[in-house]
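Using the sequences and the hints given, assemble the complete structure.
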Amino acid sequence: MQVDEPQRDALADYEEQILQWLRPDETAGQLLRRTYVQPLRTGLPLIDRFTTLRGGQVLEIASAAGCGRTTALLQVAASCILPGPFNGIDYGGQAAHVLFFDLDGKMDVVKLLEMLDARISQRQTEAGVPLEQQDEQPAMQDSLARFHLVRCHSSFELLASLRTLRPALDALAAAPGGLACLLIDNVAAFYYLDKAARGAPAGGGGGVFAGGGAAEDITREGAPLTLYRVHAAIAAELRAIQRRVRVPVIASKHVLFPGGREAAGQPQDPWSHRDSMMKPWQDLVTHRLMLRTEISSSSSRGVGGRGAAHAAAAGAGPPVRLAKWVLPEDAAVVRYGLDQDGVHVLQVGGPS
Amino acid sequence: MSRVPKTVEAYLTATNVDALEAEGELLPHEAQALEALRAAAAAAAPPVLSGTDLYLQLAASKLLSTGCEAIDEHLLRGGLRPGQLVEVCGESGELAAGSSPQMPMPLELQLLRQPSHSIHALKHARNWGFLAVCANTCPYGPFAPTASGKTQLCLTAAATAARQAKRVVYIDTSNALRGKRLQQVVESLPPLAPQADQPTAADPLKFVEVRRCYDVHSLLQALDELLSHQAQQVQQAQQAQRAPQNSGGPAPNDQQNPGQDVQQQQQQQQPAAAMTAAPTAAGGARRRLEDLPIELLIIDSLSALITPVLGGGAGQHSQGHALLAAAATSLKAFAAGPGLPAVVVTNHMVGGSDERRHEKRPAMGESWRNQPHSRIQLCKGPPGSASEQQCTAVLRASPLLPPGISVPYTLGTAGVAAGPEAAEVQPQPMQL
Chain D
1 MQVDEPQRDA LADYEEQILQ WLRPDETAGQ LLRRTYVQPL RTGLPLIDRF TTLRGGQVLE
61 IASAAGCGRT TALLQVAASC ILPGPFNGID YGGQAAHVLF FDLDGKMDVV KLLEMLDARI
121 SQRQTEAGVP LEQQDEQPAM QDSLARFHLV RCHSSFELLA SLRTLRPALD ALAAAPGGLA
181 CLLIDNVAAF YYLDKAARGA PAGGGGGVFA GGGAAEDITR EGAPLTLYRV HAAIAAELRA
241 IQRRVRVPVI ASKHVLFPGG REAAGQPQDP WSHRDSMMKP WQDLVTHRLM LRTEISSSSS
301 RGVGGRGAAH AAAAGAGPPV RLAKWVLPED AAVVRYGLDQ DGVHVLQVGG PS
Chain Z
1 MSRVPKTVEA YLTATNVDAL EAEGELLPHE AQALEALRAA AAAAAPPVLS GTDLYLQLAA
61 SKLLSTGCEA IDEHLLRGGL RPGQLVEVCG ESGELAAGSS PQMPMPLELQ LLRQPSHSIH
121 ALKHARNWGF LAVCANTCPY GPFAPTASGK TQLCLTAAAT AARQAKRVVY IDTSNALRGK
181 RLQQVVESLP PLAPQADQPT AADPLKFVEV RRCYDVHSLL QALDELLSHQ AQQVQQAQQA
241 QRAPQNSGGP APNDQQNPGQ DVQQQQQQQQ PAAAMTAAPT AAGGARRRLE DLPIELLIID
301 SLSALITPVL GGGAGQHSQG HALLAAAATS LKAFAAGPGL PAVVVTNHMV GGSDERRHEK
361 RPAMGESWRN QPHSRIQLCK GPPGSASEQQ CTAVLRASPL LPPGISVPYT LGTAGVAAGP
421 EAAEVQPQPM QL
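Line by line, the protein sequences are chains D and Z.
For the record, in the first sequence the residue sitting at position 311 is 311 according to full-length UniProt numbering, with numbers rising by one throughout.
For the record, in the second sequence the residue sitting at position 157 is 157 according to full-length UniProt numbering, with numbers rising by one throughout.
Everything hinted at is true.
Straight-line distance between alpha carbons at most 30 Å, and here's what the computed DSSO-like set of lysine-lysine pairs gives:
hint, chain 1, residue 1, chain 2, residue 2
1, D, K279, Z, K6
2, Z, K62, D, K111
3, D, K324, D, K279
So these bits of chain Z aren't anywhere near chain D, every CB distance computed over 10 Å:
hint, residue
4, A31
5, E35
6, Q184
7, L189
8, Q198
9, Y214
10, H217
11, S218
12, Q230
13, A231
14, T307
15, P338
16, K380
17, G412
In case anyone wonders, no lab produced these hints; they're calculated from the structure.
As the structure is a computational prediction, the values presented were derived from the model and not from experiment.
C-beta: ideal position from N, C-alpha, C; glycine also.
This is the structure:
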């Protein structure tokens, strides 16, 4: 009898443990509630009609100058920071915070204010408020409080702010509305400056491209910020941020080496270009959208912006703006227009 | 081998710091080092501005006029915005074959009929004293037949700002600025209506500080000095106000070329920022000029410095793009700094020829096209044709307006002024 007692207790323990292990931890509903991240409604029909962005994804919008990249990013920001129902009127926004890294220095506050103003007054008119009673200020101030801007004038400042902003990002994500997305204007802004920096002096294989190697190499004293190291560090920081806070990142990129060249003489793919970003950044990007501007007359020589904008002096036709999804690959070419309210889609065409 | 990085750059690019921090098994000196690195990175990080701060900044800023109401109103939406970089491009003066100039041409342009791209070489040659004879031939500035008036626009903007007692820094790279011409523009501008909140300068030329930079490195050095001066002003503003003193004034900070003749030196001293004992009209506490924040920075012909170093080919100019990028970033960093100055930069046109005028494009290429906030092109009809006197300013790029809007303007003794038909003619887009 006494020999069986402890054995029976041990068996009961084991049974208990097995039953415990077999019981479900949580239901599917609880799991979704814990891990589900709202997809981002960017408010940019170029993106929304094709795909939705979720946390952890990185969209790169690449184009030559003058195609509307900064306007597109501001449009996304405006859609995110507008409130939902506010003072009785639904403004259709997400009332979420947005962090904008301005590396180019071209973020214009007046443009953002105009976009917000246009949308707010349109919603108020739709809700039936007569024109003389429309007051955009409360909704505008409410939206502006959710817009955050960081101006960086060098890669060093960008890396320093990415590193230092981690607690601030946590605070924004925990705020009501949450953090909708990170916007970076022109990741290729400091390309030439970083390329001019020389690699670590002794050992390490020399040169700009050998810097991403062993960890001891990087901790060597006086390691400057070369192009490869900067892009690797930016990619690593963004990945770390996305692990903590599940947000999508939308980055614009200025295409420095447009593909079409007049002197070549052979037909080249107008959408091809030599990428100025290094491999760590390219591995981080999950979606790519390319924008292009063409002049619709026969006197245009070459594409990619070099002949395009300046042939306008000849009185050529209006510029034709085209967009194409490169990653994931889509053959359709979309015509879009730029106006006060931002980017809007004109026509979806076949492959060109 | 120490696990903790030794420099801030290494700390920012290191891959093992997160793991180190998470482990928590750091020796005390390592923890201290990490803490110091973190503090240094936090000090270097730019501040996060919220939309409300930006709105308040915008509400407190005032637009600067270029002096030409047509350009202000239709192309710039009110004037030069503080914190923005505006590029003015246009053709340089060129002597076309067979044309009879209406204004007396400087002797050097008559002696050497050169194509337009070496006008800058000519001007540089004048700097070195080789053609020093002609400095006084045309004291009111040569109005070459094809010159579109970029320097005149800069002079008008500087004169308008200086009249309102705003500090202007004028970086002149091709000796196009003459004290007498600036004086003439100041005197010819329409009289200012006195306003309560706007002080009027008794001697506007004192507020224009001229610096001469003849190569891109001295330009970068000048921009660095301006940036550090801005940072200093922020520090000083945080300290207590000093009592106004009647100091003798330090010598102007000009980049003097040893080869210049004395006459040009004297002309430089006149508009330079020397504080003399003359009483100012404002009364009250007299402030030193160095304490005023810079409100307008003008670089006449940035392209004259950059285009020689840009361009392909091996050799010493492979860093051209880096120098251009460094200049552009310094300019925008200066414009975004406290005080929010407005920055104006001029550019010339390259490519094409007299017959194929429409193929001319602004210099400095594709990598510069992205940098300025707004771009304005000044066009003048080809000499000898019916449209010679028609000058139009065209908007090439702007964050707020669609490109292609054009307005007429005229060149005269008061610099750039609105065109005669500006009242009737609506600004028309050149393309749909």
